Structure formats: structure tokens, C-alpha cells
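*Asks:* Sequence:
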Amino acid sequence: MSTLTMNKAATRLLIDNKAFLALALLVIVSAALSDNFLTVDNILNVLRQSSINAIIAMGVTFVILTAGIDLSVGAVLALTGAFAGAMTASGLTPWVGVPGTIAAGACLGAISGAFVAFGRIQAFIVTLVAMTILRGAALVFTDGRPISIGTTPAADLFWQLGGGYWLGVPIPIYLMFFVFVLCWGVLHHTRFGRHVYAVGGGEKVARLSGINVARIKISVYAISGACAALASVVLTARLGSAQPTAGTGYELDAIAAVVIGGTSLMGGRGRIFGTLVGALVIGVLNNALNIMGVSSYFQMIAKGAVILLAVLLDSRSNSS
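Using our numbering, read the sequence shown as starting at 2 and increasing by one per residue.
Keep in mind the hints are simulated off the structure, nothing from the lab.
Bear in mind the structure is a predicted one, so any value in this text is a computation, not a measurement.
We put the beta carbon where it would ideally sit given N, CA and C, even for glycine.
Each hint should be verified, as a subset may be incorrect.
What the hints assert, rightly or not - Quick list of simulated restraints, FRET-style, between CB atoms:
no., residue 1, residue 2, range
1, Thr-191, Leu-39, 32 to 42 angstroms
2, Ser-35, Gly-203, 27 to 37 angstroms
3, Asp-157, Val-295, 32 to 42 angstroms
4, Ile-122, Ser-149, 34 to 44 angstroms
5, Ala-104, Ile-126, 19 to 29 angstroms
6, Phe-299, Trp-167, 29 to 39 angstroms
Based on the provided sequences and hints, a complete structural model is requested.
*Replies:* Put into C-alpha cells, the structure is as follows:
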């Protein structure tokens with residue numbers, strides 16, 4: 002094997018595993034800079050803080066794999082969180098309210114997907130408009146004020162989804178890994194998952210192969226909306242109230258996690274495991290900077306630099 006071939010193989014290996022390498026490097030550096038980083042309590046805290054972004058990002062991964070984009074997930078989270086808060090405050094059991102909230106998120110996502118599929122409008126424009134409309138709808142629904150979930154038995158049960166523990170581990174962590182296993186199984190072990198990759202790899206070829214491209218597009222946006230709604234349940238339960246401004250900027254963190262995880266913005270290439278690792282990269286970075294007392298302003302700069310590096314590596318990977 003020639004030196005050039007070996008160098009290309011090594012470069013490809015590094016690019017394909019950039020998210021895991023970045024996570025390992027962040028953990029090593031953070032542990033060296035702070036004795037508190039590798040404590041059990043802090044690790045659980047990192048995982049719990051990362052869970053909401055990870056759940057959203059795994060839904061967004063489906064959309065980006067089809068060469069789309071979803072800017073509305075933060076607004077979907079705000080509106081569906083308001084639904085969940087209102088239903089819980091009314092005394093409705095979470096066994097009904099939570100599935101209803103997730104179904105509402107899926108419907109909102111499917112509407113965006115329908116405009117993308119049948120309206121022939123760019124996903125960026127559709128979801129940008131959806132973000133604006135749904136953000137306004139959340140403010141109208143809540144009258145611009147938080148909705149407390151109350152102190153009823155239904156509220157106590159609902160709170161467990163965001164603030165509860167099982168076997169010493171926060172419930173949101175279990176939900177995060179449940180969504181990961183579900184999404185991994187769908188993407189890698191179902192015909193639907195293969196069709197998602199096919200549509201992202203080449204929409205015209207996929208259509209000629211007999212794939213219902215419109216159905217796939219509507220489905221992936223519905224999945225993205227459902228994941229955002231589940232994240233809204235976790236956030237609303239943890240806070241004990243639905244905030245009308247919740248989810249602001251969450252779409253950027255989710256997209257960042259997907260890109261850092263190695264999913265190509267051009268579609269057709271990526272792994273759900275990479276998205277999970279990408280969300281953990283952002284979570285560890287935020288946690289480490291907080292422990293070191295770094296200003297939130299510099300945290301935004303650091304996060305932006307990491308995202309830019311991931312996009313540059315993705316561009317290099319596509320051109321190689």
C-alpha cells in the first residue's frame with residue numbers, strides 16, 4: 002500500500018470518527034482542568050443536560066439525511082410544551098397528555114413536510130416560516146405567560162419525566178437512550194430507513210426506483226416534530242411549567258449536534274450514533290466551560306468554532 006493511499010485512509014478514518022475523537026479529547030482536557038468533572042454527579046448532570054438536545058437532534062437527523070433542514074423544532078417545542086403544560090394543569094393524566102403532545106408535534110412536522118414535498122418549496126423557507134408562525138402561536142396560546150403544571154397527582158406524575166430518578170439515574174437519560182435505540186433501529190434495520198438514505202443520496206434516482214419520495218419527506222418531518230414534542234415534555238416537566246419562549250435557539254444546537262456527528266448537510270450520509278455523540282460533545286463543552294467559570298459570551302464563541310470546524314471537515318469529506 003502506497004504512502005498516499007495510507008494517508009488518505011488515515012484522513013478518512015479521522016473524519017468519519019471526528020465526533021467521537023472530539024468527545025474523547027474534550028473529556029480528557031476537562032478532567033485535567035477540573036477535579037469535579039469526572040464525578041458521578043457531574044457525568045449524570047451532563048447526560049441530563051444533553052438529553053433534550055439529543056432527542057431533538059435525533060429527529061432532525063432524519064430530515065438532514067434527506068438533504069432537508071428543520072428550523073422549526075424550537076418553536077414546535079414551545080407550542081407543544083404549552084399543550085403539555087395546559088393538559089397537565091387541567092388534571093389530565095400524563096398517560097393521555099404525553100402521547101397527545103407527541104402526536105401534536107408529529108402533525109406540526111408533517112404539515113411542514115407536506116409543503117416541502119408537494120409545494121416544491123425549499124425546506125429552509127418552509128421551516129423558517131413555520132418557526133415564526135408556531136412561535137407566535139405559542140405566545141398566543143399562553144398569552145405570553147408561563148403555564149404552571151400545578152400540584153395535582155397528575156402533575157406529580159408528569160414531573161417525574163423531567164425531574165425524576167430511577168435506580169439513581171435521571172429519567173431524561175433513559176428517554177434519550179430509548180429514542181436513540183428506536184431511531185437507530187428504524188434507520189438501519191427497516192426499509193423506511195433505507196429509503197431515507199436513498200432520498201438523500203439522490204431524489205430523482207429514488208423516485209425512479211419506485212420510492213414514494215413525498216411520503217418519505219412528510220414522514221421525516223413528522224419524526225422531527227415528534228422528537229421535538231417529546232423534548233418539550235421533558236423540559237416542561239423538569240421546569241414545572243411551560244414557558245412561551247422555550248426552545249429559542251434549540252434548532253441551532255440540534256443542527257450542530259447532527260453536523261458534528263458526521264451527518265452530511267448534502268444528505269444521504271450519516272449515523273444516528275454520531276448525532277448522539279455530537280449532542281454529548283456540545284453538552285460536555287458547555288459543562289466544562291461552566292465548571293471553569295468561562296463567561297457565557299465566550300461559550301457561544303467556543304460553540305460556534307466547534308460547529309465551523311465540523312462543517313469544514315464535512316466539506317472536506319464530501320470533496321475527497
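*Asks:* Evaluate each hint against the coordinates.
*Replies:* Structure-based check of all given hints:
1. Thr-191 <-> Leu-39: 32 to 42 angstroms: 38 angstroms, holds
2. Ser-35 <-> Gly-203: 27 to 37 angstroms: About 47 angstroms separates the Cβ atoms of Ser-35 and Gly-203, which means 27 to 37 angstroms is violated.
3. Asp-157 <-> Val-295: 32 to 42 angstroms: Given range 32 to 42 angstroms: holds, Cβ gap about 37 angstroms.
4. Ile-122 <-> Ser-149: 34 to 44 angstroms: 38 angstroms, holds
5. Ala-104 <-> Ile-126: 19 to 29 angstroms: For Ala-104 and Ile-126 the Cβ distance comes to about 26 angstroms; the hint holds.
6. Phe-299 <-> Trp-167: 29 to 39 angstroms: The hint (29 to 39 angstroms, Cβ to Cβ) holds, given that Phe-299 and Trp-167 are roughly 36 angstroms apart.
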